[in-house]
Amino acid sequence: MIPTPYAFTLALQSMIREKWINILSVLSIGSGLLIISLALFSVYNIDAATRSLPEKFSMVLYLDKDINKENVDSLVSALKKQGAVHSVRYIPKEEAMRELKAVLKNSSYVLDGLEENPLPDALEVKLTRDVVGPEAVKRLADEALKIKGVKEVEYAEKFLSALHYLKVGLKTIGIILIATLSTGIVFVCYSTVKILFYRRKEEIETFKLLGATRGFIRTPFLIEGAVIGTTGGILSLVGIFVFYYLVLLRLSVAMPIFKMILFPSTLFLPLPFLGMFLGMTGAAIALGRLRY
Amino acid sequence: MINFSGVTKDYDNITAVKDLTFFVDKGEMVFITGPSGSGKTTVLKLIYYAEQPDKGTISVAGWDTEKIKESDIPFLRRNVGVVFQDFRLLDNRNVFENVAVALRIRGVNEKEIRARVFETLKSVNLRHKADAYPLRLSGGEQQRVVISRAIVANPVVVLADEPTGNLDPVTAGSVMKTFKDIHAKGTTIVIATHNRELYKNSGKRVLRLDTGVLVGEEIG
Ligand SMILES: Nc1ncnc2c1ncn2[C@@H]1O[C@H](COP(=O)(O)OP(=O)(O)OP(=O)(O)O)[C@@H](O)[C@H]1O
Ligand SMILES: [Mg+2]
Chain G
1 MIPTPYAFTL
11 ALQSMIREKW
21 INILSVLSIG
31 SGLLIISLAL
41 FSVYNIDAAT
51 RSLPEKFSMV
61 LYLDKDINKE
71 NVDSLVSALK
81 KQGAVHSVRY
91 IPKEEAMREL
101 KAVLKNSSYV
111 LDGLEENPLP
121 DALEVKLTRD
131 VVGPEAVKRL
141 ADEALKIKGV
151 KEVEYAEKFL
161 SALHYLKVGL
171 KTIGIILIAT
181 LSTGIVFVCY
191 STVKILFYRR
201 KEEIETFKLL
211 GATRGFIRTP
221 FLIEGAVIGT
231 TGGILSLVGI
241 FVFYYLVLLR
251 LSVAMPIFKM
261 ILFPSTLFLP
271 LPFLGMFLGM
281 TGAAIALGRL
291 RY
Chain D
1 MINFSGVTKD
11 YDNITAVKDL
21 TFFVDKGEMV
31 FITGPSGSGK
41 TTVLKLIYYA
51 EQPDKGTISV
61 AGWDTEKIKE
71 SDIPFLRRNV
81 GVVFQDFRLL
91 DNRNVFENVA
101 VALRIRGVNE
111 KEIRARVFET
121 LKSVNLRHKA
131 DAYPLRLSGG
141 EQQRVVISRA
151 IVANPVVVLA
161 DEPTGNLDPV
171 TAGSVMKTFK
181 DIHAKGTTIV
191 IATHNRELYK
201 NSGKRVLRLD
211 TGVLVGEEIG
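Sequence order for the protein chains is G and D. For what it's worth, UniProt numbering labels the leading residue of the first sequence as 1, then goes sequentially. For what it's worth, UniProt numbering labels the leading residue of the second sequence as 1, then goes sequentially.
Hint data in this document are derived by calculation from the structure and do not stem from the laboratory. Each hint should be verified, as a subset may be incorrect.
[As the list claims (entries may be wrong)] Lysine-lysine pairs mimicking DSS-like chemistry, simulated, CA-CA at most 30 Å apart:
no., chain 1, residue 1, chain 2, residue 2
1, G, Lys-80, G, Lys-65
2, G, Lys-151, G, Lys-69
3, G, Lys-201, D, Lys-26
4, G, Lys-208, D, Lys-200
Only a predicted model underlies this, so the values are computations on that prediction, with no experimental measurement involved.
Make a model of the complete structure from these sequences and hints.
See below:
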């Protein structure tokens, strides 16, 4: 249905006449969307803060003692072909020994009795940031073990999986929150439109008897749902900007840790459209359930 | 234009209209009379499809009750202007808007709405009350607003339910003149009334109902 100018007039009249109901639902929708935004904001920041962590952790492949240089080179190029691998560094056993001595510092005399370097050659494999799941890391480790010349694989399995489940958990909570609140917002619009409809029942009955089509009767309510939703969306957009600029930015002056927080403003710009969509959905459900 | 064939309409446990058969020709003016509760309003409601028959068939302006689709009903109603017995004026809209509604639902443009509403209000002597609200009008004035709304879109059929119920004889006479004028232009008119002054010496057909049954037809 293409809304006629009069549909907008009717919607506007209804909004003015029932301003309290409308203001109330705009406020509810606005706060719902604001909470959604805050949830998104938190998930986004946690994600950003933990994103580069897998990169910092590496997997170490200990090689067979009798491996020669060509074998190492072909191993390195085989590993580099793996999608999850960011970089590979070869650590010959001499270097490993130097590092070990540096670590031991004054106690390095314990190594003096050794005739021969007991350390194996090793490859340090850094993972790309896309490797989030511990399963993927495990799969890579298993693959690496199968390669001839690799004796042992070591990596921070527990840490990676803890990090992974933290992220998954937070995202799940975020999604549940968003789904619940979106449903709530649709319900608010649904109830509002239903109330508005019943308040105008007499008038609508008369319109129908005079020959009004379903579209003529329904369009104003869809417009109203859209306007309520959009206004709620704008309100939440203002809310989240106020929260960032007036609260977080000021806090970060006193507590520099808050400087780390990222504000993805473009992530929030669709809020009015989200509000409009939810508002119209609520209105459409309400109208669908009415016998008109 | 209007054709009833064996129409019966039951409400819960009472029969408001029973086995009613009659017709109204295009351009005709017909009266329906009978005591209170005899089914006059019910007959009109059946014509504009506010009620559906339990038995029999009705055809109005080319639409058949048996074949009509839900989505056709608004278009059937646009052929029929109704002067409701209970007025159905919108209290939160002024006289102009109450009359304009009939045109707005038809998607008529604003300029034409203004011209036609004022013209119609003038024809019933209400031009000066265009900005007034219905509750501030006398019964007779409200009656004429309802008549204006019924005729403003030039429907092919006008149904008037007790259109002079609240009027003194002089005003009633002027309202009847309005109906005669639009009838003269070819509009089919059905008037339900128990006021015999309206059809006396009119030379029009008068259908007499009693407890939902057509008990007689005469020339007024
Ligand atoms: N919606 C309804 N539900 C139940 N009964 C109804 C309804 N409408 C009308 N009736 C009954 O149907 C019968 C016919 O009513 P109707 O309104 O057609 O009479 P009428 O001839 O118009 O009377 P009046 O001259 O008083 O306007 C009456 O007995 C009335 O009580
Ligand atoms: Mg009646």
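Right, here's what the structure says about each hint:
no.: 1; hint: G/Lys-80 x G/Lys-65; result: 22 Å, holds
no.: 2; hint: G/Lys-151 x G/Lys-69; result: 16 Å, holds
no.: 3; hint: G/Lys-201 x D/Lys-26; result: 34 Å, violated
no.: 4; hint: G/Lys-208 x D/Lys-200; result: 34 Å, violated
In terms of the numbered hints stated before, the structure departs from hints 3 and 4, listed from lowest to highest.
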